[in-house]
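Undergrad: Each chain, letter by letter, is given below.
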Amino acid sequence: MSAVPIRDRAMDDAVTVARDREDVAVGNEIVRHRLASRLIHWAVALTFFVNILTGMPIWTPLFRWMADLFGGLSVCRVIHPWAGVAFTLISAVQFFHWLKDMHLEPAEKKEWLGSGVMKYLKYQGDDSQVGKYNGGQKLFFFAVSLGALGLLVSGVVMWFPLSFPQIVRELSYLLHDLTFILFVAAIIWHVYLGTAAEPGTFGSMVRGTVTKAWARLHHPRWYREVTGQK
Amino acid sequence: MSAQSLEIRRSSASVWGSSSGMRSVPTVAKYIDTSTCIGCKACEVACQEWNDLPPLSTQQVGTYQTMPTLDAGFWNLIRFDEREVEGGLMWLMRKDQCMHCAEPGCLEACPAPGAIVQYANGIVDVNQDNCIGCGYCETGCPFDVPRFSAKTRKMAKCTLCVDRVSVGLEPACIKACPTGCLHFGSKEDMVGLGSLRVDQLKKGGFTTAALYDPQGVGGTGVVTVLAYADHPEWYGLSRDPHVPLGVKFWKSIVRPLGLFAIAGAFIAAVGHYFNFGAKQVQGSADSDTNLPQA
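Chains as they are written, first to last, in numbering that gives the first Met the number 0: chain A, 0 to 229; chain B, 0 to 293.
Worth flagging that the hints you see were computed from the coordinates, not collected in a lab. It cannot be assumed that every hint is accurate.
Distance condition first, Cα-Cα at most 25 Å in a straight line; then the derived DSS-like pairs of lysine-lysine [unchecked claim]: (1) K278/B to K109/A; (2) K118/A to K229/A; (3) K108/A to K278/B; (4) K121/A to K278/B; (5) K131/A to K121/A; (6) K229/A to K202/B; (7) K278/B to K131/A; (8) K121/A to K99/A; (9) K278/B to K118/A.
Isolated chain A, as found in the complex (with noise of 0.2 Å):
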């Protein structure tokens, strides 16, 4: 016999596993995205950051070094409007992908929309009632969304200004800018909540799985739907 170490098929099976099916216990792991949720996610991160990097030196000068990365401003104003067309359609099939899972209940609406976010962010909420998504994930969930459509209907009136009227341009360029400052506000903090703020998320998109001990500290209910333990 070789004393080649034995892999730990546990792991790969988890990966294999969460080709096609989630929440379902693989040995250490949970399945918490399959592979098409993660697919259709980074679609949506990919596309969102190329209109990021060509909106911001088109929306102000002190970005205009990162028009560079494409070639200039003029190639930025091209693209953008092209990739905001792809950013919205992959944003309508996140939306209509993972609109089940994203029911509100009314106590979840009542704590995130009050107290519960301050809560939550000080690592004092009660989250033994948490499910799959908590309450805060299911808002920023519908706000993506409505932003995406909010930056679609501006965006067209920004591609095209000669065929819409004098007030829906100037309302176009206001409704453009606020929507997407409060967008890319809510993904630094996205961003910081998947990785740093809480180890063991970023996995969960990536691998496609978490750790049980991740699912019973950031969502108990789930946990305990998957596993059938407490």
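Here the structure of chain A is known, so what remains is to put chain B in place on it, guided by the hints.
TA: Leaving out everything else, chain B in the frame of chain A:
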């Protein structure tokens, strides 16, 4: 774009703002007297010729106007309005082109650094190399002047013959006018001419005559004598042109606040991590330390 010897007073999307303004250069202006314009359109032809603009087909829409509106290849248009007034029928003809505003809305709206510049003498010019063809200037302009080339999608408009003016010549349109209703010189002198003409008109019975030099945009580099100044809309002019509020709000308020908000979100995240750290998973799945605190 030419005449590098002229200092640039303001530039679009400029982080650093105005130039030094060390050399004092008088603001120039065109003077247009609509009361003596005969609509001969020599000025239209002169502009096309001097700027090597392509010949465009006249569009006959039942008026004496050559074209229904300005074009990226047609920067100077005699607008024609037939108006019944007390005393009979008036033909109101106004030379329409960029007004070279002291506070140019196009420049304020433009997001491309150096695409629209205002020279020290007040001339507002477009640098085609820097223009990205986004169309924001069209929304910023209260006179509906910016037009876009179908081929390059870049903006083109009257340059106030900056290439002629900077070597001491008058603009081509001014030179071509046969009736002497167009003049060129310092803004001060042109406003003076305007005062004289308005007084003459008033004495002649045009009681509402005035010089159109709208202060809503800080005054313009084109001053126009109107016989019926109480009806600027008859001449295709707006009563109180100004840089649109939406543009001002967007550039001066929403944008800086937005930058603060984005920076703030980032700083808040860093601060949160310093203060609260991470929500750590401890031990194994069977450990009691992961149960919610009672």
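Undergrad: Please work out if K118/A and K229/A have their alpha carbons no farther apart than 25 Å.
TA: Holds, because 24 Å separates the two Cα atoms, which is no more than 25 Å.
Undergrad: Starting from K131/A, check that the Cα of K121/A is at most 25 Å away, please.
TA: Roughly 20 Å separates the two Cα atoms, so the pair holds.
Undergrad: Are the Cα positions of K121/A and K99/A separated by 25 Å at most?
TA: Given that 25 Å is the threshold and the Cα spacing comes to 29 Å, the pair is violated.
Undergrad: Hint check: K278/B vs K131/A, CA-CA at most 25 Å. Holds or violated?
TA: holds (17 Å)
Undergrad: Between K229/A and K202/B, is the straight-line Cα distance small enough, at 25 Å or below?
TA: violated (98 Å)
Undergrad: Between K278/B and K118/A, does the CA-CA distance stay at or below 25 Å?
TA: holds (13 Å)
Undergrad: For the pair supplied as a hint, K121/A and K278/B, confirm whether the alpha-carbon distance does not exceed 25 Å.
TA: holds (9 Å)
Undergrad: Are K108/A and K278/B close enough, with their CA atoms no more than 25 Å apart?
TA: holds (23 Å)
Undergrad: Does the alpha-carbon distance linking K278/B and K109/A stay inside the 25 Å limit?
TA: Judged against 25 Å, a Cα distance of about 23 Å means the pair holds.
Going down the numbered hints, you'll see the structure goes against 6, 8, while the others check out.
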